[in-house]
Amino acid sequence: MLGVCYYPEHWDESRWETDARRMRELGITFVRIGEFAWSRLEPKRGEFQFEWLDRAMDVLAKAGLKIVLGTPTATPPKWLVDECPDIIPYDKDGNPRGFGSRRHYTFSSQTWWQESARIVEIVAKRYGKHPGLVGWQTDNEYGCHDTIRSWGPEDLKAFKQWLRLRYQTPDKLNEAWGSVFWSMELGSFDEVALPNLTVTEPNPAARLDFWRFQSDQVAAYDKMQCDIIRKHSPDRWITHNFMGFILDFDHFKVADNLDLASWDSYPIGFVEKFPFSEAERNRWAETSHPDIAPFHHDLYRGVGRGRFWVMEQQPGPVNWAPWNPVPKPGMVRLWTWEALAHGAEVVSYFRWRQAMFAQEQMHAGLNLAGLDELSPGGLEAKQVAEELAALGSLPETGKAQVALVFDYQSYWTTNIQPQAKDFRYEELCFRWYEAARRLGLDVDFVRPGGSVEGYPLVLVPCMTEIDGPAQDALDKADGVVLIGARSGSRDRNFKLPENLPPGPIAEMTGNRVYQVSTLRPGVTHSVSGQVTGEGTRWREYLQTSAEIVATFDNGDAALTRKGKVHYLACWPDEALLTATMKLAALEACLAMTEVPDHIRLRRRGDIVFVFNYGSEDWEAPQGVDFLLGERTVKPQAVAAWRAQ
Amino acid sequence: MLGVCYYPEHWDESRWETDARRMRELGITFVRIGEFAWSRLEPKRGEFQFEWLDRAMDVLAKAGLKIVLGTPTATPPKWLVDECPDIIPYDKDGNPRGFGSRRHYTFSSQTWWQESARIVEIVAKRYGKHPGLVGWQTDNEYGCHDTIRSWGPEDLKAFKQWLRLRYQTPDKLNEAWGSVFWSMELGSFDEVALPNLTVTEPNPAARLDFWRFQSDQVAAYDKMQCDIIRKHSPDRWITHNFMGFILDFDHFKVADNLDLASWDSYPIGFVEKFPFSEAERNRWAETSHPDIAPFHHDLYRGVGRGRFWVMEQQPGPVNWAPWNPVPKPGMVRLWTWEALAHGAEVVSYFRWRQAMFAQEQMHAGLNLAGLDELSPGGLEAKQVAEELAALGSLPETGKAQVALVFDYQSYWTTNIQPQAKDFRYEELCFRWYEAARRLGLDVDFVRPGGSVEGYPLVLVPCMTEIDGPAQDALDKADGVVLIGARSGSRDRNFKLPENLPPGPIAEMTGNRVYQVSTLRPGVTHSVSGQVTGEGTRWREYLQTSAEIVATFDNGDAALTRKGKVHYLACWPDEALLTATMKLAALEACLAMTEVPDHIRLRRRGDIVFVFNYGSEDWEAPQGVDFLLGERTVKPQAVAAWRAQ
Amino acid sequence: MLGVCYYPEHWDESRWETDARRMRELGITFVRIGEFAWSRLEPKRGEFQFEWLDRAMDVLAKAGLKIVLGTPTATPPKWLVDECPDIIPYDKDGNPRGFGSRRHYTFSSQTWWQESARIVEIVAKRYGKHPGLVGWQTDNEYGCHDTIRSWGPEDLKAFKQWLRLRYQTPDKLNEAWGSVFWSMELGSFDEVALPNLTVTEPNPAARLDFWRFQSDQVAAYDKMQCDIIRKHSPDRWITHNFMGFILDFDHFKVADNLDLASWDSYPIGFVEKFPFSEAERNRWAETSHPDIAPFHHDLYRGVGRGRFWVMEQQPGPVNWAPWNPVPKPGMVRLWTWEALAHGAEVVSYFRWRQAMFAQEQMHAGLNLAGLDELSPGGLEAKQVAEELAALGSLPETGKAQVALVFDYQSYWTTNIQPQAKDFRYEELCFRWYEAARRLGLDVDFVRPGGSVEGYPLVLVPCMTEIDGPAQDALDKADGVVLIGARSGSRDRNFKLPENLPPGPIAEMTGNRVYQVSTLRPGVTHSVSGQVTGEGTRWREYLQTSAEIVATFDNGDAALTRKGKVHYLACWPDEALLTATMKLAALEACLAMTEVPDHIRLRRRGDIVFVFNYGSEDWEAPQGVDFLLGERTVKPQAVAAWRAQ
Ligand SMILES: [Zn+2]
Ligand SMILES: [Zn+2]
Ligand SMILES: [Zn+2]
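Residue numbers (the working numbering), protein chains in the order written: chain C, 10 to 653; chain D, 10 to 653; chain U, 10 to 653.
Same shape as in the complex, but just chain C:
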């Protein structure tokens, strides 16, 4: 089903009815509102203006739209910031990040929690049982604009408290952090300093704890909102709209509070943000890379324990990337169908109509700026709505062939101590995902410790700390397991394992890493054997009791196999990664359909979808009945048929 984001407060009230009617005509079912409206709801402390929102919700509900209401905490109004300056976040250099845009609060501020609880309760009480209301969104895009970590006095206060609870005594903290190094020992928790503004790099264990602390705060803050909402708004679900490639907090833990996950899908904007090569950026500038949106669909399906929405779908050019191209004709439709193919319950466009003013006035909507006239993206959304109506309801999303273990903490760990400047956890996972998808495989994302039973192939690109549950889950894997370098390389306290990496999985893999080399972009180490290619960036020196599948030039093991468990001792280049993935999939007896770089397949239940991101046709298999499209899949086209 389709949805849309709407800002009644941006338009004259006289236009609301037309807007609601035209939404329904287009085929829209859900409308999200309210998430930035605090200054309209409470222009001064305690002086509330609900009438406009009452009327807006009534108009929308009357038109038959189902309302998702956002809590307005992403944009505290100026009077509140002036009154309570302790809610303001600080950047890593110690400078305050002030009012004038959004997300100008720190999760560490007690004042902010009280104010958030106050406004959420007021809004939840007033609208929680509104007949048009079906669900809630907490806040908006946690972490967007680097807003998870703040480095101010409130943060230090809260961090000290978090450490006190975790470690009980300074001695235990000193032991955990290895504070004896460089005389960093602390005599009391009062002596704790934030791990920034140091002369050279601060203690990595201290940094990891600071990152964990801030991540924990997000989950707790979100839970606080959810608890209030649930109290006052029975029978409505709650979600949060996550933002892609924001890894500063653990999305799995926040989603534990939620009924379903949602995410904001801006595939083209990400082309400039993700570390693609310039050639890739040029190639995918006007369509996005064919794994950018799917990677997140699959991630958030995992985060949402099977349930997710696209809460904001790019409907045309946006405003916030360095360059903002118009998507190629067909892409808005393609992205929508693709989200549905990956299991999205709803695809909701951002936004109904392009704004006339302020920061996002260059962001397309389903309608042209200020007008009751569909934009090119709006016309494509209309087409999807018609196709969806013709197709009827979609089947349930089943289990994929491949599980990929995705671990926020491994991002933190490798980011805190990269050892190779270009060791980027998110890039590694993306490339492994891409390699699987190029073989026509579907992928589920699993959190560390989540069950991987029943998956023919399990991918662990990198899991730095493998705790008890994570180890148990790997032990219970009944498929082929492919584990990447740097896994098991740190314990809970950022220490090296006493038996050297891969620590807890030494036995499982048969390996011991006695040395690590990190390689600048111009230097690679060749691998040959059952797979060939180049090791780059990170290369481990193994002692192994496992079978050696491929070796480095000097004869050392590069890829090992012990039973069903494979271990790849480097960051692979494309050739090595593809060969390794294929070898693992073959061992897992998976049927593969190799596709060119611009084609992707995806199954939802018994329906097979194909998406063409490129500029050349692709021929779908013969002898099937097409539910969507036709055998020759044109550029930017979609096709679908029932698997036989």
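Just so you know, these hints were derived from the structure itself, not from any lab.
Pairs of lysine-lysine residues, derived as DSSO-like cross-links and limited to a Cα-Cα distance of at most 30 Å, are as follows: (1) C:Lys138 to C:Lys71; (2) U:Lys337 to C:Lys430; (3) C:Lys53 to D:Lys181; (4) C:Lys337 to D:Lys430; (5) C:Lys430 to C:Lys591; (6) C:Lys262 to C:Lys169; (7) U:Lys101 to C:Lys430; (8) D:Lys282 to U:Lys430; (9) U:Lys430 to D:Lys101; (10) U:Lys591 to U:Lys430; (11) U:Lys282 to C:Lys430; (12) D:Lys53 to U:Lys181; (13) D:Lys53 to U:Lys169.
Residues from chain D shown here face chain U by an in silico Cβ test under 7 Å; the list is partial: (14) Ser48; (15) Phe108; (16) His113; (17) His154; (18) Ala378; (19) Gly379.
Quick list of simulated restraints, FRET-style, between CB atoms: (20) U:Pro94 to C:Lys166: 16 to 22 Å; (21) D:Ser554 to C:Val633: 46 to 52 Å; (22) D:Asp481 to C:Asp95: 52 to 58 Å; (23) D:Lys134 to C:Asp95: 49 to 55 Å; (24) C:Cys93 to D:Asp481: 46 to 52 Å; (25) C:Asp180 to U:Ser23: 15 to 21 Å; (26) C:Lys166 to D:Cys93: 36 to 42 Å; (27) C:Lys166 to U:Ser624: 55 to 61 Å; (28) U:Pro530 to C:Cys93: 49 to 55 Å; (29) C:Pro530 to U:Ser23: 42 to 48 Å.
No experiment lies behind these values; they were computed from the predicted model shown.
Beta carbons are placed, not taken as given, at the ideal position from N, Cα and C, and that holds for glycine.
Dock chains D and U with the ligands against chain C, hints included.
Showing chains D and U with the ligands alone in chain C's frame:
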């Protein structure tokens, strides 16, 4: 005529007479002094030392030199800064920019205005009627070193006041800025914050107002100085020495205070500052690009309402660019003649003699450091003086064939909201100017709303806000008009026009822009038809009732014509720009002389000048009598003849 | 002999004896300890815990190890920083650099001097006469992490005092700095400001004085420690472990306090720090460039007046460079032999065993992390120990054929006022050194004013200020002298010399520099004559009475000769530098052995060593008896024989 910048306070008094005599011998008429001498004039508050300047002016005047005196406000002395710390500017990160170089004041400080008025009045009173004095320079290079905008407490105070006057009520401000977006509404003017240090980008309308405010302050500050000078120094003119490619304030508005404009011409330094390609930078490293100085001559002739000087002419290598090459032999002469050809009344070299100490000791002068011995640049200046004497007075500068509408606000608008990272207004105007000049055409710069009547060809590379006067002026154009993309795209309050861009000129152009794509450097959109080439960076999707002169690949209009008004819906590459310029010039029935990239022509009255920036000869037309040079124009040579 | 750095406080006391025994078994003689142990020695003010160190020293001494004890001042503990916040340094932007890593103090703080004196005295008293103790290391790596210059209130206070002593009156300071320029004159020393946070560049003379002041402070601070140590610890030597390519203070002056110099040799880390080309970085990624370590060996032999150690030798991959490759097999042995060949008395590895925790846990040791098991580097160290034992004691290091005058102040001067963005003093010296070494020559480093008598060839790549002693030393040179551009270009007060550069050596060279051109990377000026190549970056225009050996394209002198004194008027490219070096060496009648870029020769007494950094064999001369290795010198191999 020629001038020179001189610092008697840098040299022992015993040398002044020799210096003055040698200036006259070289052929210099004007000498500028005093603009950095505050600490010598007033070493402690109220303790003045005028005697040295009295003597210096007498020596210079006695030698027959005409004196231009600078007000010393660009360098407030340390005792003043210590006494009045509120004059110190703040950078965008909120840090003070302290004493130790120059321009360490904010235009927002009331204390600074009082102190400026005090010292200007004292100097104007003492020297305003000195017989040697012919004119004044206010301050020095407003805006140099990014000193227009300051972000401190004084600035916030003054900004609030400016907004109060402009908007009267917070509601009007909220409506103008679209503050409802992201709950940015303000309850009172006291709640206004500076548009910096926000979590993500601040409101663009707020930023534009802050930029306007700071620009207005410069004009008002300059007027304050001019009013005082005029009171005490009758019959002397006033100028300011503008710095090239500084666009943070509206030079037209400052020049409304002045009798004539002047600018500081450092052609080679700009090679590193302007966004040239590396290939262009290498090619022009030792000569400068052949449009850098002319662009500014023509701009400041416009700013000065027909009258301008070069107040500081580079006479050799300078000290402030990343690399500072010696200009190729002949370039100092070439630049001087070129300035005169573009209508400069005086070319004044910076500086008489290279300093022995301090920040600019690597900056060449007309004399070697510390010596009474001409530098290579000094010898070239001498040659110009002799040639000028031989030639007699130059004719009046006439009207050019081409008018280019240059708009500081469009720079601000596109800089605040680039949408394409490389959308640089100054680069766009420069490339349009270059294209016209490569066809041998002369160009006048016109401010928005300035009359373009009588120009066969009018260029509007980009005018984001087209207000009433600007629209009127375009309506009255009687030549061919070529308007570039993004024109008419914003109203006074940074809002999109209700009829979509190009807003007020929708009727005139026949166009409506319903979508905009911005393209990264590796991506272009091909254009073909009566002109061909590539659209880059910014591409508009038009609905048009005009004639379609060229289209994009998908058939959409790229260049339209409605009567004499052409509209180019993209940022053109060189091929497309050249073809479009040629087509427009042909329609305007202009006689063109296409020149290679290193040759430029320029007419002053009936004299045609040619300048060779390259390393190959160029053949001037046959059958003319050469006033300067000869038919074969050698590298770095100048030739001139009377048009027939 | 060999040594190792050891941190007993990082390991359980039960392991100390095994560690000590295994050190001896490996062949280690010296062990450095204690330099980061303040928080373990004094966990709270006045509460000392010496027992653990007592026991550790006893265990080490009993095993036969000779102990070097570091003063623990590089890491003031948190309680001290909290108690005395005025010891904290400030960065150039004026922000404090806090606790959490190391070197978080400013040399300007009086409190810090008192606290340093206190802890040094306590430690020196307790351990100064310990029978196992043979020497001291003051502090650790002065200047590492940009910690020489601090920009806080304590620094301003101390700078004012330093200026008062130097200049006596503000007038003299104003005269020396040329403060009349831009009204920078000061009425009293109280008006002095730090030369940072200015609107544009601050006065270069002020900056140079600030740099001198900070350099002087380091030497004085080090002397304070040495004086205390000498009082309480008779018959022990003192050293400091300098860090390579840190040029912010004058190492010669600090070493005047010391008995011998030492330095910390991390050859591979420097590949990313030194301004090599990308091609060079790739080529030398896993071995280092063959002049990086030797350059420093020779420098610190000079700094140590003939005596130096390598205090920390890289034994495998490190943790702090952008990429940290494993050295190629053999390199740890090669570096060790190379250090000895260059005259090192001891090569001491960093560290005994890889740490399990904290910032340096990815830094290899001689043993694997946490284990009693030699790492690959440990095995190579063992091999060296055995070879050393077989070889017996090495001969004395003699005088080299070439003297290179190395001047910290010239780095400061050219860094403060580069004029060409890529004018890097250290790169210039390195390239001159490399050119000499490629001819098979040995090099001694000499400080400005140091005697160069007896050297067949004297190199002065650049000496900006040539004071009396420096001029005398050059006058007394009896070999060929090759002087580079920019020498003699500034006087003591950063002023241009009155006779223009090269000032004091105008007579000696026969030259006058009347103009300087600096050239961006894409622009060069060709040189031909007795030498050919390209002038880059910095090119001088000479008037000369000397013989012209080579000229620029325009006929100007590029290389001149007056008697034995040569002057090279540009920054030479590799071809020009090699040709010039060869010409000078030929005139000096030096026997040269040209070697490929990956081979280096070095004599210690009568032993000739050869080192192969490349991937191709090299053939040593026939007919010699090899003390080490064999005639075919394999990649990463070492050979040595007695010169005949
Ligand atoms: Zn959003
Ligand atoms: Zn100037
Ligand atoms: Zn070290």
